[in-house]
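Trainee: Next come the chains, spelled out residue by residue.
2 protein chains.
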Amino acid sequence: MDYLKKHPWKIIEEGFHPQYQRVSESLFSLGNGMMGHRANFEEDYSGDTLKGSYIAGIYYPDKTKVGWWKNGYPEYFAKVLNAPNWINIRCKVGELYLDLAKCEVEDFCRVLDMQHGILQRSFTAIFSDGKKLKVDTTRFCSIADSEVGAIRYAITPLNFSDDVVITLGVDANVFNQDANYNEQFWNEIYRDAKPGTALVTAETKKTLFHVCTAMTFEIVSGDKLFAGNPKSGGQELYAYNEIVLPLKKDVETIIYKYAVIQTSLNHPKEKLHNSSEEKLSQIKELGFDELIEKHRQLWLKKWESCDIVIDGDIGAQQGIRFNIFQLSQTYSGEDERLNIGPKGFTGEKYGGSTYWDTEAYCIPFYLGTAIPKIAKSLLIYRYRHLEKAIENAKKLGFRNGAALFPMVTMNGEECHNEWEITFEEIHRNGAIAFAIFDYVRYTEDKDYLVTHGLEVLIAISRFWCQRTSFSANKQMYVILGVTGPNEYENNVNNNWYTNYIAQWTLKYTIETIAFVKETDNTKYEQLVKKLKFDESAETKLWANVQKKMYLPSDKERKIFLQQDSFLDKELIKAETLKPEDRPLNQKWSWDRILRSCFIKQADVLQGLFFFEDNFSIEDIKRNFDFYEPMTVHESSLSPCVHSILAAKLGYRDRAYELYLRTSRLDLDNYNNDTEDGCHITSMAGTWMSVVKGFGGMRIKNNMLHFNTSIPTQWESYSFRVEFRGRVVELKVSKSKVEIIRIHGDNIQIMLNGEATTI
Amino acid sequence: MDYLKKHPWKIIEEGFHPQYQRVSESLFSLGNGMMGHRANFEEDYSGDTLKGSYIAGIYYPDKTKVGWWKNGYPEYFAKVLNAPNWINIRCKVGELYLDLAKCEVEDFCRVLDMQHGILQRSFTAIFSDGKKLKVDTTRFCSIADSEVGAIRYAITPLNFSDDVVITLGVDANVFNQDANYNEQFWNEIYRDAKPGTALVTAETKKTLFHVCTAMTFEIVSGDKLFAGNPKSGGQELYAYNEIVLPLKKDVETIIYKYAVIQTSLNHPKEKLHNSSEEKLSQIKELGFDELIEKHRQLWLKKWESCDIVIDGDIGAQQGIRFNIFQLSQTYSGEDERLNIGPKGFTGEKYGGSTYWDTEAYCIPFYLGTAIPKIAKSLLIYRYRHLEKAIENAKKLGFRNGAALFPMVTMNGEECHNEWEITFEEIHRNGAIAFAIFDYVRYTEDKDYLVTHGLEVLIAISRFWCQRTSFSANKQMYVILGVTGPNEYENNVNNNWYTNYIAQWTLKYTIETIAFVKETDNTKYEQLVKKLKFDESAETKLWANVQKKMYLPSDKERKIFLQQDSFLDKELIKAETLKPEDRPLNQKWSWDRILRSCFIKQADVLQGLFFFEDNFSIEDIKRNFDFYEPMTVHESSLSPCVHSILAAKLGYRDRAYELYLRTSRLDLDNYNNDTEDGCHITSMAGTWMSVVKGFGGMRIKNNMLHFNTSIPTQWESYSFRVEFRGRVVELKVSKSKVEIIRIHGDNIQIMLNGEATTI
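In order, the protein sequence lines correspond to chains Z and E. Quick note on our numbering: the first sequence kicks off at 1 and runs consecutively. Quick note on our numbering: the second sequence kicks off at 1 and runs consecutively.
These are calculated hints, taken from the structure and not from any lab test. Where hints are given, some of them may not hold.
The list treats identical chains as one, so a pair stands whether inside a single copy or across any two.
[To be verified] DSS-like cross-link-like pairs, simulated, lysine-lysine; straight-line CA separation at most 30 angstroms: (1) K547 - K302; (2) K548 - K517; (3) K92 - K284; (4) K446 - K224; (5) K578 - K540.
Everything numeric in this text was worked out from a predicted model, so none of it was measured.
Based on the sequences and whatever the hints tell you, model everything.
Mentor: So this is what it looks like as structure tokens:
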């Protein structure tokens with residue numbers, strides 16, 4: 001957006017832009033993997049705003065809202081709740097409340113320091129009675145201790161001396177804007193406010209999670225600790241302290257607000273408020289400066305392994321760091337119960353649920369930028385949902401331990417109700433199998449196959465086998481009635497991507513069975529027993545289905561067909577669409593979209609990206625040349641895959657153009673929806689566009705490969721990747737390509753076709 | 001249902017069956033084309049009940065409820081409202097209210113006299129204090145004056161003498177059970193209660209229809225008029241009179257309640273209550289006996305032209321008369337603004353809206369049983385919606401006056417939001433064109449083409465032409481992404497039925513243009529101007545599309561294919577389905593239904609039924625033999641079409657079996673949903689099963705044909721049809737077939753292949 005300044009490490013809003021407040025609230029969001037919030041103001045704000053605080057894993061099963069019920073729809077959807085708010089600092093000067101919607105605002109500046117994970121804001125407010133108050137704020141959610149947040153809120157009267165009343169609260173009286181029936185989801189369990197602290201323990205209805213939100217504070221005025229005489233109080237779901245500050249002209253008073261957020265996910269309910277109070281006094285003891293310093297240091301360390309440096313293109317530099325920053329804020333990999341919601345902690349849209357985005361886009365990012373444990377946690381998350389996935393498949397008529405993982409989920413249960421997606425977008429099962437393969441390929445952690453992987457693979461293969469049917473007509477196995485990654489076609493037959501990944505899963509499962517049997521036969525036998533697995537009969541059937549899987553193609557054009565009937569469509573280039581028709585999903589009725597050739601996101605190309613080693617470069621080129629012109633990229637997950645393939649095919653300009661669409665999607669509010677939150681999961685795709693696209697990183701023959709190219713718009717770029725205990729840095733400039741080992745043992749890699757040991 | 005007695009002219013419930021009260025309320029419903037109600041009790045009833053009174057054309061646009069919004073969905077749906085209730089007669093004996101859920105009930109008998117359109121009920125209630133009260137009721141909605149209803153409510157104390165308090169009210173404080181957001185839809189406009197009358201004028205929110213419901217009464221005790229001292233009163237939306245009756249043991253007291261229901265559809269709003277009061281005194285003057293006698297006579301007259309007599313099968317006899325009775329109650333054809341809701345006046349399900357059922361099923365019934373004006377009114381109804389249908393098509397991206405009539409409608413606007421139906425079940429447009437053809441074929445009223453028909457046909461042909469696309473692959477015109485009559489397949493390509501009826505419409509429109517030009521060139525030129533019709537260019541394109549329309553078929557089996565991919569399915573006979581899997585739509589998830597071969601209702605066979613003259617008997621036989629075994633008939637509209645074709649093909653047993661499924665669908669509560677109301681529109685299909693099925697009635701070469709057969713279970717059957725000013729009666733017994741002319745000029749007809757003049 002034009003109102004934001006470009007800077008390599010910062011997002012900067014100079015001057016107050018209330019018309020973009022919701023956009024800014026999304027962009028400047030903070031998080032630490034456990035909790036996070038939109039960049040709402042601490043003080044009251046009566047202007048347009050979307051208030052949002054979120055705690056990972058704290059959800060509520062909201063009653064499904066549906067026009068026409070279909071058998072198999074879930075009765076309830078889990079959604080992450082808008083959680084108790086700990087940031088509010090109400091400020092009353094004379095009779096007037098500080099409220100930027102009601103003051104004149106001067107010298108407003110809001111900065112998200114991505115290098116250190118800190119949100120800062122400064123401004124001077126001119127009240128209607130002429131009083132000028134200067135405000136400086138600094139806020140963070142600690143990554144050193146994810147239950148901790150703190151604010152430094154400094155106020156200076158510029159033209160008056162007067163009493164100012166400060167109210168510091170914790171507020172669990174919060175609502176979800178996306179509640180289906182406008183319900184409140186929180187009950188108060190315990191509330192305590194005494195001079196110096198305020199605390200509310202709230203319980204989510206139905207799911208009965210407890211969240212204790214506690215705060216304390218410290219006030220320093222003109223270098224001296226101000227004791228004051230705090231008045232405590234509260235009401236249902238809200239507790240506070242109120243302090244009267246006798247402010248003096250030009251003297252800065254700093255309010256330090258410390259918060260602890262603990263939940264029953266990690267603490268026994270009965271100890272929650274004691275434990276929170278205890279931690280509260282510990283952090284107050286440490287003080288703001290030490291807390292923030294630890295946090296800063298850890299951010300610097302994070303960047304060491306995940307940063308991407310781009311020279312000569314500040315917009316691209318800011319964009320890629322924004323993507324990496326948000327991903328790192330959203331998921332820390334420390335809790336196997338958690339996953340990555342499409343909006344992270346930046347908004348409530350999509351209910352904070354898990355999509356196949358995690359497997360297809362996010363896992364490669366965490367594999368490349370963090371120790372294997374982080375990506376492994378994401379695999380374990382699905383492993384833990386296996387039983388529910390089997391139940392889910394059962395509801396849809398499958399038997400014998402077949403698993404269909406949900407399209408959208410929080411706790412393993414399906415959280416979506418459009419039949420064409422919920423029931424038919426079954427390719428997600430393939431991505432979950434592929435992620436296991438991808439993880440093992442990258443980390444060489446083959447033990448994972450023994451302990452978890454094979455069990456999931458067998459359940460998925462059982463599903464694929466039952467989901468195919470034999471076409472007497474084609475004398476092949478077909479998969480009827482699916483929606484592929486391109487959601488602009490529904491209920492199609494033989495979606496190439498789905499059929500291919502189903503076929504691949506069956507093959508990989510059979511190979512994995514052989515590997516596990518050989519590696520640890522005892523464990524294998526245990527598994528056979530647990531799953532009532534009839535190896536010989538089941539694998540025989542799988543092998544047959546795999547061998548005779550129908551894969552639609554056009555012999556003449558030598559391309560794979562997105563689905564059986566694709567060539568009956570009128571084939572038109574997306575560039576011929578009128579601007580007023582875009583985006584199609586906002587302008588066209590659904591039937592019109594469905595019968596058009598226009599593709600929402602990579603579909604056949606997604607398959608060629610996953611399985612590129614199985615195809616010649618000519619195959620990839622022909623399919624890219626055929627499908628790219630018809631792709632409208634109306635999913636945030638689309639351009640990155642096309643960009644990577646374009647880079648591979650040497651389409652440098654197209655690769656760069658597609659990269660730009662993804663890297664600054666939110667910063668430039670490309671889809672006009674940043675106000676709802678940032679597109680967190682697609683950010684991983686942006687990272688891949690650089691690392692797998694321009695950097696050409698691949699694992700082939702158990703070795704790290706790079707095949708580099710560089711956009712003409714860039715001077716140079718460099719990034720680091722984690723790989724099997726090493727950190728490796730690739731530097732690519734127009735004139736040369738360098739690779740160095742930053743950390744770990746030396747290793748042989750392939751750089752632009754040549755083997756090198758570094 | 002077993003609790004009902006079989007009788008040729010009556011539906012009889014002997015003994016009270018509270019467990020089936022909702023079913024009985026549906027089955028015993030009354031209506032007169034303008035208004036109607038479920039068979040709710042007059043007195044209070046605290047047991048399970050669905051209260052429902054309805055007035056044709058009085059609707060409210062309820063806010064759409066949807067899980068996931070799709071572009072093009074309507075924001076509001078019109079639904080017929082539960083209307084003010086005029087039947088209530090509260091009865092208080094001592095301190096106890098008469099309430100069959102709280103009394104012991106003896107000698108209960110409820111009778112729907114279909115021959116005369118009268119609902120009767122008698123019972124003895126034993127109160128908890130031992131008092132016995134005998135009650136006899138008679139109720140009707142007059143077909144002599146459709147704004148009038150009356151009740152004779154006779155009470156006799158059997159073992160006591162005491163004061164009984166009777167409250168006679170009109171109650172507009174009524175709710176729709178299917179309200180999407182639990183709203184009340186009525187506002188009070190005017191209320192008046194004085195000794196002797198009570199009246200409420202209520203207004204529907206948003207649509208602002210006014211409905212005045214007025215009542216008066218007369219009480220006769222032991223043959224003497226009882227004046228009493230009525231106390232009048234009321235509250236928001238409710239007005240009443242209360243009378244204390246000093247009942248004497250064994251003396252019958254009769255309460256006559258007279259009601260007038262007038263609406264702003266037919267009266268100026270400002271005159272509504274005066275006009276209602278005026279009519280009220282007129283009908284009271286006439287008295288109950290005269291009112292009911294007029295009504296009975298008109299019913300007898302109705303039956304003269306529409307009765308079907310079946311000897312030797314009392315269940316079939318009762319069934320067919322129940323179907324004819326309900327259809328006749330629902331629609332009188334006197335108001336071109338009205339149509340036939342799927343539940344008529346028997347329930348609120350499906351919002352009382354118009355479906356393609358009207359054109360495909362109901363019009364043939366009204367053509368065959370009433371003067372042409374009645375069926376014509378139904379055609380005019382669509383003609384009046386043409387502009388809205390053009391708007392509707394525009395919303396979906398069509399241009400140049402193309403019309404898509406809504407799938408479900410009240411006022412011409414779409415009232416449904418499932419994309420696969422709302423946007424894709426476009427074959428409805430074909431049925432609307434076909435109905436014009438069918439009407440003209442039957443009545444020879446070719447002038448209708450000049451005055452209305454062609455305008456509709458051009459708009460529909462414009463739609464078909466734009467909705468087809470040219471497949472480079474097939475070198476033919478295709479129709480992609482539709483749902484055919486078989487709603488168990490969605491978003492399919494080239495549904496044979498849809499493609500065929502589209503092709504037929506184009507051809508018929510071109511022929512009709514030629515006819516209208518020749519008949520009335522002035523009118524034609526006016527139309528050309530009005531529609532900006534470029535005859536030469538448009539018809540040239542239509543002719544080309546028509547000529548090159550793709551019609552999927554299987555060369556090997558020599559059958560038409562329901563859709564392009566039908567043969568990729570596993571072809572399984574419905575009889576192999578396990579009982580626990582039926583009905584599929586309650587047991588299987590939607591994707592499973594979609595990829596199965598099972599057919600909900602006649603699809604290819606529907607086309608062969610409409611256009612049988614274009615196919616050889618062998619064609620019909622091969623398709624019937626292929627599709628019938630896969631058809632699960634989970635639509636009430638399905639068995640009748642199969643029955644007709646089976647009769648034609650000489651499959652006598654199958655024809656009878658399918659006939660039974662349709663004729664006693666509600667009486668036997670076959671789908672376990674009669675409690676929601678009766679399947680009014682499919683009742684017309686039942687009539688067709690006899691008249692077009694066993695009777696083999698057709699119009700061919702501008703002549704009435706019969707090709708008769710008779711089920712082995714029947715001794716004989718006979719029916720009358722209206723045809724071009726004549727009433728003709730066909731009598732078929734096992735040994736002979738007779739045809740006689742009851743009314744009108746003599747006429748040549750074809751009976752079993754022989755021309756006869758009668």
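Trainee: The structure should be examined with respect to each hint, and the outcome stated for every one.
Mentor: Going down the list of hints, with the structure as the test:
no.	hint	verdict
1	K547 - K302	neither (46 angstroms within a copy, 68 angstroms between copies)
2	K548 - K517	within (26 angstroms within a copy, 60 angstroms between copies)
3	K92 - K284	within (25 angstroms within a copy, 74 angstroms between copies)
4	K446 - K224	neither (59 angstroms within a copy, 100 angstroms between copies)
5	K578 - K540	between (52 angstroms within a copy, 28 angstroms between copies)
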